[in-house]
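Novice: Next come the chains, spelled out residue by residue.
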Amino acid sequence: MGHITLEQITKQFDDTMVIPPLDLTIEDGEFVVFVGPSGCGKSTLLRLIAGLEDVSGGMIRIDGEDVTAVPPARRGLAMVFQSYALYPHMSVRRNIAFPLRMAGLDAAEQNRRVEDAARVLNLTDYLDRRPGQLSGGQRQRVAIGRAIVREPAAFLFDEPLSNLDAALRVGMRLEISELHKRLKTTSIYVTHDQVEAMTMADKIVVLQGGRIEQVGSPIELYRHPRNRFVAGFIGSPRMNFIEGPAAAAHDAHAIGVRPEHVRISEDGGEWSGTVGVSEHLGSDTFLHVHGTGVADTLTVRASGEVAYDHGDPIRLTPRADRIHRFDAEGERIQ
Amino acid sequence: MARAVSTPRKIVNTAAGWAIGLLIFFPILWIAVLSFKSEGDAILAPLDVLASAWTFESYGLVQSRSDYFGHFWNSVIISLGSTALGLLVAVPAAWAMAFVPGRRTKDVLLWMLSTKMLPPVGVLLPIYLICQQLGLLDTRVALVAVMMMVNLPIIVWMLYTYFREIPADILEAARMDGAGLREEVLFVLLPMAVPGIASTMLLNIILAWNEAFWTLNLTAADAAPLTAFIASYSSPEGLFYAKLSAASLMAIAPILIMGWFSQKQLVRGLTFGAVK
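Chains A and S, in that order, give the protein sequences. Everything in the first sequence is counted per the UniProt record's numbering, starting at 1 for the first residue and increasing by one. Everything in the second sequence is counted per the UniProt record's numbering, starting at 1 for the first residue and increasing by one.
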């Protein structure tokens with residue numbers, strides 16, 4: 001079980017309010033991703049849940065029980081750190097067994113669980129090595145092994161993949177997702193990478209300045225961002241924002257349209273401009289279009305290989321059903 | 001990038017290094033030489049000293065006049081005892097300052113260090129009187145306690161700098177894994193800090209072994225360590241160079257041997273954790 005509720009929790013460092021009063025419910029078995037730019041309070045929020053930081057106000061409940069004043073060791077949560085935080089003086093076996101040893105399990109049971117975890121994580125051959133003798137990906141797996149052996153109420157991941165190279169990151173992302181599908185343990189995952197958030201989450205919590213901007217499923221956030229911040233943060237490449245008369249035509253202070261929702265028109269077209277840089281990914285081409293008169297640069301995502309050179313004229317039409325409208329405060333207009 | 005050093009330059013550097021090393025080591029070398037001379041020969045001009053006959057007579061005389069091993073044990077007990085006691089107090093203090101620093105932690109650290117700038121003689125009278133009132137004059141207990149307090153700032157500082165090198169993440173991971181404070185310190189912090197603790201121990205044993213001000217002032221016979229043993233050969237009636245030298249060499253030999261075998265840890269200790 002791992003049902004976590006945050007009720008009006010706040011965090012203050014000296015005179016700075018890092019987290020203004022905040023409410024959040026995390027259902028049992030959910031994979032929740034906290035995402036936001038650096039300094040948005042996502043790691044602090046995770047550390048408050050872990051108990052590594054004390055809240056300045058409010059209440060944290062795990063499975064209905066008030067744990068606000070309970071030390072991290074007794075909250076029944078496991079954490080995977082960005083730096084892996086393995087014990088360098090212990091073998092992989094002893095690293096993974098450490099939480100079991102602290103829980104007072106007998107040696108045979110410790111061994112059985114460590115072997116199980118090692119098998120799941122492909123670490124069986126490395127059990128007698130020290131962390132210093134492992135690669136980054138293996139170390140990360142040891143850290144995950146140490147988290148899963150104890151069968152915690154929830155896993156907390158603090159940017160666990162940011163120290164890995166790009167290829168490994170994609171692999172580990174899949175492994176973590178698969179592990180969650182199998183174990184169905186509540187997971188809270190902190191990242192600044194919106195791709196990780198979109199691909200892994202059941203529920204995304206977008207944070208800015210310690211406040212929750214929006215909570216929802218990845219597709220909900222993609223389709224119905226509540227404000228300009230969420231609209232700009234979720235989705236890659238970033239959403240195009242257009243202000244002025246072109247927005248006024250839609251009865252809005254600003255409109256937003258994602259690069260994949262702008263069509264290239266042979267003739268006619270709502271906007272015309274010239275192509276600047278084109279980025280060819282093979283599967284897609286990103287065109288950066290200037291001189292449309294509605295925005296400095298419009299990014300367009302064209303499927304497949306598109307032959308436009310620097311300086312070519314181009315005509316564009318946004319998909320009418322995919323235009324997001326925002327008021328002067330940046331809030332979504334329904 | 002490695003710098004290229006020409007051969008003549010290397011020769012000059014090596015010669016200069018040896019010259020400085022010998023210059024620093026010379027007094028000890030000369031003590032060693034004098035200790036193997038008779039009392040009469042030891043006061044001759046340097047070259048005549050070298051030419052005179054070699055003898056073990058001073059060592060025999062020193063051993064028959066005073067109880068070397070008694071003093072040796074006192075030194076061992078005082079230096080090991082004060083270091084162990086110091087570590088017991090300093091580990092929690094350094095842990096707190098390194099991992100849960102408050103707003104005044106830096107000030108506390110500097111204040112502790114400032115006590116090392118106080119002339120010890122400034123507090124001799126009160127400490128002497130306290131020891132007298134408690135009936136602790138000329139006891140090893142008093143010296144262990146005083147030596148511990150005298151060196152405590154250094155022990156705390158050194159441990160603090162070592163602990164600061166240990167990533168806080170790892171201690172937090174231990175907390176998340178269910179370790180209480182005791183387990184966190186015992187199973188994670190201390191094993192990771194072993195090299196630092198070892199060099200702190202070594203340095204403090206040496207400092208306590210060599211300390212002479214407090215040992216000379218607070219002891220007379222029963223608790224007198226090797227420093228007092230050396231001092232007893234410098235008397236108002238005149239210096240007994242050969243016996244003084246023999247006594248000195250016997251007093252510093254144990255610590256010299258220990259230092260020789262633990263050079264690496266000592267260098268690390270003396271750089272206060274600045275070099276990994």
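Everything labelled a hint here was simulated from the structure, so no lab data went into it. These numbers come from a predicted model, not from an experiment. Be aware that one or more of the hints could be misleading.
What the hints assert, rightly or not - Under 10 Å between C-beta atoms, here's a sample of chain A residues computed to sit facing chain S:
{"hint": "1", "residue": "D14"}
{"hint": "2", "residue": "G51"}
{"hint": "3", "residue": "P72"}
{"hint": "4", "residue": "A78"}
{"hint": "5", "residue": "M102"}
{"hint": "6", "residue": "P152"}
A virtual CB, placed ideally from N, CA and C, is assigned to each residue, including glycine.
Novice: Hint by hint, say whether it matches the structure.
Specialist: Now for the hints, and whether the structure bears them out:
no.	hint	result
1	D14	holds, 9 Å
2	G51	holds, 8 Å
3	P72	holds, 5 Å
4	A78	holds, 6 Å
5	M102	holds, 4 Å
6	P152	holds, 9 Å
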